[in-house]
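> So you can see what is in the structure, the chains are spelled out below.
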Amino acid sequence: GAVVSQHPSWVICKSGTSVKIECRSLDFQATTMFWYRQFPKQSLMLMATSNEGSKATYEQGVEKDKFLINHASLTLSTLTVTSAHPEDSSFYICSARDPLGSSGSSYEQYFGPGTRLTVT
Amino acid sequence: DAKTTQPPSMDCAEGRAANLPCNHSTISGNEYVYWYRQIHSQGPQYIIHGLKNNETNEMASLIITEDRKSSTLILPHATLRDTAVYYCIVRVATEGNTPLVFGKGTRLSVIA
Chain X
2 GAVVSQHPSW VICKSGTSVK IECRSLDFQA TTMFWYRQFP KQSLMLMATS NEGSKATYEQ
62 GVEKDKFLIN HASLTLSTLT VTSAHPEDSS FYICSARDPL GSSGSSYEQY FGPGTRLTVT
Chain H
215 DAKTTQPPSM DCAEGRAANL PCNHSTISGN EYVYWYRQIH SQGPQYIIHG LKNNETNEMA
275 SLIITEDRKS STLILPHATL RDTAVYYCIV RVATEGNTPL VFGKGTRLSV IA
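Order-wise, the sequence lines are chains X and H. Just so we're aligned, residue 2 is where the first sequence starts under my numbering, counting upward by one. Just so we're aligned, residue 215 is where the second sequence starts under my numbering, counting upward by one.
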């Protein structure tokens with residue numbers, strides 16, 4: 002199947018600083034990527050939909066000014082957590098769909114390995 | 215607002231078949247049943263999907279009831295590496311640009 006990578010895999014930052022997380026589709030082009038957040042022992046919660054060349058669509062309750070999303074190319078979306086606080090500590094996961102089906106199917110979404118953010 | 219219901223947890227002996235049920239009584243005619251799993255501290259992994267016929271691939275089999283109101287994911291010979299949270303999701307297959315909505319899933323523990 003198609004491969005999605007994330008960088009970094011884990012990061013520790015101090016309260017008040019900003020952190021950027023990258024999501025890349027390695028062997029396909031993705032016009033749409035999704036960002037999820039997962040707290041311990043909970044399910045994945047959709048944060049936003051990232052669209053190449055346009056503004057992201059945020060889910061209700063997700064602050065767009067705090068979680069900045071940029072999808073400047075067909076293979077890269079970035080999530081920046083601005084002025085991070087301890088309550089932002091979580092596991093952030095991105096996913097992407099291969100619209101051309103080069104992986105064999107155009108319907109599955111492929112997930113990155115996740116980025117664990119710890120804010121101290 | 216997941217459209218599926220799954221048991222919160224299940225145990226399975228290593229080497230035995232793991233049968234994970236999922237209820238989706240409000241499924242629409244054009245909605246597929248998808249299964250993903252998430253091993254601890256990793257991103258979800260696609261397993262299988264189907265519409266109304268039973269499906270099998272190298273990872274698992276998917277059995278969908280005739281009325282499509284429920285399904286069962288079967289791992290034929292569970293190993294310790296199959297310990298994970300398994301998510302059953304229903305969605306229209308062509309809605310590739312809409313996100314997957316995850317419920318709480320079933321935590322499968324494979325026991326040696």
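It is possible that part of the hints are untrue.
[As the list claims (entries may be wrong)] The calculated lysine-lysine pairs, modelled on BS3-like cross-linking and capped at a C-alpha distance of 30 angstroms, are:
1. H:283 to X:65
2. H:217 to H:283
3. H:283 to X:42
In short, the hints are calculated from the structure, not lab data.
> Each hint should be assessed against the structure and marked as holding or not.
How the hints compare with the structure:
no. : hint           : verdict
1   : H:283 to X:65  : violated (38 angstroms)
2   : H:217 to H:283 : holds (11 angstroms)
3   : H:283 to X:42  : holds (28 angstroms)
Consistency note: the structure conflicts with earlier hint 1 alone.
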